[in-house]
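Could you build the full structure based on these sequences and the hints that come with them?
Single-letter residue listing:
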Amino acid sequence: KAGVTQTPRYLIKTRGQQVTLSCSPISGHRSVSWYQQTPGQGLQFLFEYFSETQRNKGNFPGRFSGRQFSNSRSEMNVSTLELGDSALYLCASSSRQGAEKLFFGSGTQLSVL
Amino acid sequence: LAKTTQPISMDSYEGQEVNITCSHNNIATNDYITWYQQFPSQGPRFIIQGYKTKVTNEVASLFIPADRKSSTLSLPRVSLSDTAVYYCLVGERGTGFQKLVFGTGTRLLVSP
Chain A
1 KAGVTQTPRY LIKTRGQQVT LSCSPISGHR SVSWYQQTPG QGLQFLFEYF SETQRNKGNF
61 PGRFSGRQFS NSRSEMNVST LELGDSALYL CASSSRQGAE KLFFGSGTQL SVL
Chain B
1 LAKTTQPISM DSYEGQEVNI TCSHNNIATN DYITWYQQFP SQGPRFIIQG YKTKVTNEVA
61 SLFIPADRKS STLSLPRVSL SDTAVYYCLV GERGTGFQKL VFGTGTRLLV SP
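Residue numbers (the working numbering), protein chains in the order written: chain A, 1 to 113; chain B, 1 to 112.
No incorrect hints appear here.
Calculated lysine-lysine pairs in the DSSO-like style (CA-CA distance at most 27 Å, straight line):
id	chain 1	residue 1	chain 2	residue 2
1	B	69	B	52
2	B	69	B	3
3	A	101	B	3
4	B	52	A	101
5	B	54	B	69
6	B	54	A	101
7	B	3	A	57
8	B	69	A	101
9	B	54	B	3
10	A	57	A	101
11	B	52	B	3
12	B	69	A	57
13	A	57	A	13
The hints are simulated quantities; they were obtained by calculation from the structure and are not laboratory data.
This is the structure:
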């Protein structure tokens with residue numbers, strides 16, 4: 001069974017641009033969560049999607065948004081990029097909403113210049 | 001909302017047993033405690049999960065006292081490859097939904 005796949009692996013953008021990250025969950029998993037990881041703030045929860053609906057959201061500004069498609073694949077979008085958005089963005093899938101057992105992808109390393 | 005507190009870092013030597021404790025004073029009745037391991041530039045990897053007493057698998061043991069306000073991850077006979085960051089995760093509920101909160105993580109360094 002294939003694991004969680006995140007694309008792209010690395011991304012370089014400039015301030016003010018927007019970016020879209022993609023996540024394909026493990027087959028059969030309907031819940032997808034997104035996390036931001038930085039050296040200073042650690043691992044922070046962004047949002048969780050289940051059955052194409054956002055079920056929970058962390059404390060991030062509205063520039064961070066996401067969506068989930070009918071095949072459970074998910075995308076995360078960050079608009080008007082700031083330098084502080086440079087981070088490793090991780091996607092995790094699970095078999096049910098709010099599950100504590102998550103399967104993480106390798107992440108997308110975003111650098112904002 | 002349940003918060004977790006872990007030591008920031010720990011040092012050990014190969015072959016020793018390592019115990020990492022996580023504090024979660026406000027854990028809810030239906031919450032489970034889960035530990036993850038993370039290597040640099042990789043996503044966290046599930047290690048072990050428990051609700052109460054003791055759980056053991058091929059990688060680690062998890063000890064949870066009766067009041068469930070803390071838990072201890074035990075790694076037997078660590079090797080250099082166990083050098084990683086370890087996160088304690090407690091499932092929590094907020095505004096009708098479950099919101100997952102990772103702890104600060106404990107950076108374990110295993111030396112020869």
